[in-house]
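Colleague: Residue strings, one per chain:
Protein chains: 2
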Amino acid sequence: MKFSTKIERCELSPMRKYAPYADAAKARGMHIYPLNIGQPDIETPRAFFDAVASFTAPVLEYAPSDGVASYLEAVRDYYRRIGQTDLTTANLLATNGGSEALWLTMSCILDDGDEIIVPEPYYPNYSTFVTLAGGKVRPIPTTPEEGYHYAQRSKIEPLINEHTRAIMITNPGNPTGSVLTREEMKMLAGLAHEYGIFLVADEVYREFSYDGEQMASMLEFHDAAENVIVIDSVSKRFSACGARIGVVVSRNKDFLSEGMKVCQGRLCCPTLDQVGAAALYNEGPEYFAAVKEEYRRRRDTAYDMLMQIPGVVCRKPEGAFYLMAKLPVDSTDAFQIWMLEHFSASGDTVMITPGEGFYTTPGKGVDEARLAYVLKHDDLVRAMRVLAEGIDAYNHR
Amino acid sequence: MKFSTKIERCELSPMRKYAPYADAAKARGMHIYPLNIGQPDIETPRAFFDAVASFTAPVLEYAPSDGVASYLEAVRDYYRRIGQTDLTTANLLATNGGSEALWLTMSCILDDGDEIIVPEPYYPNYSTFVTLAGGKVRPIPTTPEEGYHYAQRSKIEPLINEHTRAIMITNPGNPTGSVLTREEMKMLAGLAHEYGIFLVADEVYREFSYDGEQMASMLEFHDAAENVIVIDSVSKRFSACGARIGVVVSRNKDFLSEGMKVCQGRLCCPTLDQVGAAALYNEGPEYFAAVKEEYRRRRDTAYDMLMQIPGVVCRKPEGAFYLMAKLPVDSTDAFQIWMLEHFSASGDTVMITPGEGFYTTPGKGVDEARLAYVLKHDDLVRAMRVLAEGIDAYNHR
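Line order of the protein sequences matches chains D and R. Residue numbers for the first sequence follow this note's numbering, beginning at 14 and rising by one. Residue numbers for the second sequence follow this note's numbering, beginning at 14 and rising by one.
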């Protein structure tokens with residue numbers, strides 16, 4: 014039986030490969046510190062569960078295709094608070110997490126043979142949605158030495174050709190944690206406007222920027238109003254990954270109209286989760302400040318401890334909750350397997366995400382890895398110690 | 014700015030067109046009986062809400078990409094109860110409703126230029142997912158006079174060519190309400206097996222079969238084990254449309270492996286709704302019997318009252334909760350607009366779904382309409398009276 018050549022070009026998650034090794038290690042009684050997944054341990058605000066519990070309609074009906082009104086209004090009000098005062102609920106389409114927002118967007122803007130420019134390393138699932146839509150990622154190369162910064166006109170402009178439909182960025186970045194300056198954002202918006210292409214800005218980590226940069230959105234650049242599509246979600250912002258509630262934000266009416274066809278096709282997003290997500294947006298600035306401070310502390314700890322390992326190459330990341338680094342090992346893939354099969358620091362080991370899965374260019378990322386600092390501070394300290402011991406032991410094995 | 018030619022070929026919901034007319038009618042104080050949408054009014058079992066309320070984890074985490082274990086086990090047990098005793102949770106992928114199950118399936122099996130054979134009239138959103146995957150619907154023509162029955166080898170075999178990747182059916186049917194006999198199902202499974210193509214069986218209305226046919230699934234035909242992909246959902250079965258929890262069922266390991274790429278790409282389905290959906294499957298046979306009896310009574314009433322309208326062509330449908338019929342009007346589209354703009358039966362009017370949106374063949378369905386009998390019996394009786402009066406008044410206007 015024949016399958017789609019598009020799905021055949023997609024890959025399984027690079028994280029999945031290590032699950033059997035992890036299961037075997039756990040079966041031997043090992044404790045594994047997970048630095049490999051972006052699942053925050055911060056508690057989900059009670060407001061979510063309270064709102065869900067207060068839902069009393071006897072029938073759990075379909076929601077409107079573009080979203081439950083109270084959710085869309087809550088998102089609109091949030092965007093107005095961060096300065097996008099002209100936005101209305103008509104600029105929003107509720108989605109099943111940031112994931113469906115990406116899937117919807119790629120479905121609307123890419124044809125077979127089209128290209129989308131993405132700084133590399135990038136979130137692996139971008140490939141899935143780009144490939145399913147028939148498109149191809151054209152990577153902007155970066156280096157660990159430069160902290161994976163990519164936002165230079167001279168790096169990007171030569172990649173634009175007649176097949177280019179969009180530039181897609183994650184800001185703050187996953188897996189790199191790099192944060193764009195306002196000037197860089199302006200340059201990207203200007204470039205998209207100048208070439209008449211979309212600028213897809215995945216801003217799900219928007220609140221997590223630690224070094225004094227003002228919280229920013231590509232929506233601020235009104236000259237590029239027709240070009241900018243923002244991907245957003247409650248998953249990271251409110252530690253509510255399992256709610257699967259996201260949103261697409263745009264001022265491009267034609268895009269919203271095409272996107273509505275996808276929304277109507279899949280009928281709606283879950284009703285209860287939208288009710289819960291609406292309540293999340295009532296969290297005040299003190300919530301964001303506390304969470305941000307917690308992550309900042311972890312970032313500092315993880316970075317400082319990482320830099321004490323001889324041979325590591327990493328520039329301090331400014332946001333999100335990831336560190337991407339070059340590790341002093343021949344292969345982070347081989348190292349990860351060895352850490353699960355042969356290493357033990359008093360019964361402890363760690364999981365990281367080897368770097369290759371974040372690259373589309375063959376051979377890149379072999380000695381790099383992503384670390385997610387989503388563990389409580391004490392656990393994080395222990396995990397970083399175990400990692401350092403592991404690297405030393407691996408290189409002296 | 015350029016959009017995907019695929020999304021440009023998709024259409025907005027045929028139901029959406031009448032919303033402005035309905036809003037205007039409501040603003041004038043009209044009461045509208047909705048026979049146009051498949052939103053059941055049956056209460057969602059309390060078990061769903063109770064299970065959701067009993068979720069006490071402090072963090073609403075991502076669920077596994079293929080589904081929450083308790084949900085997958087509940088679905089497996091349900092399938093074992095209806096005779097598919099060899100199925101395990103490895104045969105299942107949880108999806109965001111039947112809708113995502115369709116999207117995932119089309120993404121996995123269709124390439125640009127591929128064809129999928131679908132009896133016409135069919136559920137309009139099939140077009141969206143087929144088109145987004147680059148494929149094309151090749152319709153099996155039917156007639157209202159035949160009750161839209163399509164399952165004849167002689168009708169289908171000539172449509173199979175080198176581009177054909179699958180046959181897709183809805184059983185019981187939406188919008189037609191027609192139910193396949195066991196012989197017809199066997200023929201379809203055999204045909205798919207013989208030609209090495211997939212048989213995508215949308216069985217979300219499985220429990221709603223009213224005339225003594227045993228509840229059936231395409232999964233029963235083990236010769237076609239590699240060919241059959243079943244689309245299923247809690248939406249209609251448990252009147253839980255807003256949960257957005259569905260499932261893909263297959264014995265084809267390659268298909269499941271390709272489908273897992275889509276599942277990992279969008280990370281997971283909502284955690285709480287899967288917990289709720291698992292509890293729904295604890296409903297016993299008395300639940301299904303009561304709901305089925307309620308729908309059967311409505312079907313009989315709606316059909317009997319419809320057939321009292323002179324000129325209506327309809328064969329009694331055997332399942333789901335829809336009637337598709339030829340109405341004695343020049344255009345059901347014009348009739349629907351007139352019913353909302355000009356008609357009033359003591360302040361009442363009705364909405365139906367005009368037939369054209371269920372056809373891909375131009376010009377078909379113009380004088381047909383779908384009626385969903387999802388209203389309480391008394392309301393349904395009133396709605397059918399209003400419809401009869403409306404048709405009479407429309408033809409004497």
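Where hints are given, some of them may not hold.
Treat identical chains as interchangeable: a pair holds within one or across any two.
Unchecked claim - Simulated pairs of lysine-lysine, BS3-like, Cα-Cα distance not exceeding 27 Å:
1. K15 / K149
2. K15 / K266
3. K389 / K39
4. K266 / K30
If you're looking for bench data, these hints aren't it; they were derived computationally from the structure.
Colleague: A separate judgement is required for each hint: does it hold in the structure or not?
Modeller: Here is what the structure says about each hint:
no.	hint	in the structure
1	K15 / K149	both (22 Å within a copy, 16 Å between copies)
2	K15 / K266	between (38 Å within a copy, 13 Å between copies)
3	K389 / K39	within (21 Å within a copy, 55 Å between copies)
4	K266 / K30	between (41 Å within a copy, 18 Å between copies)
The structure fails none of the hints (numbered hints given earlier).
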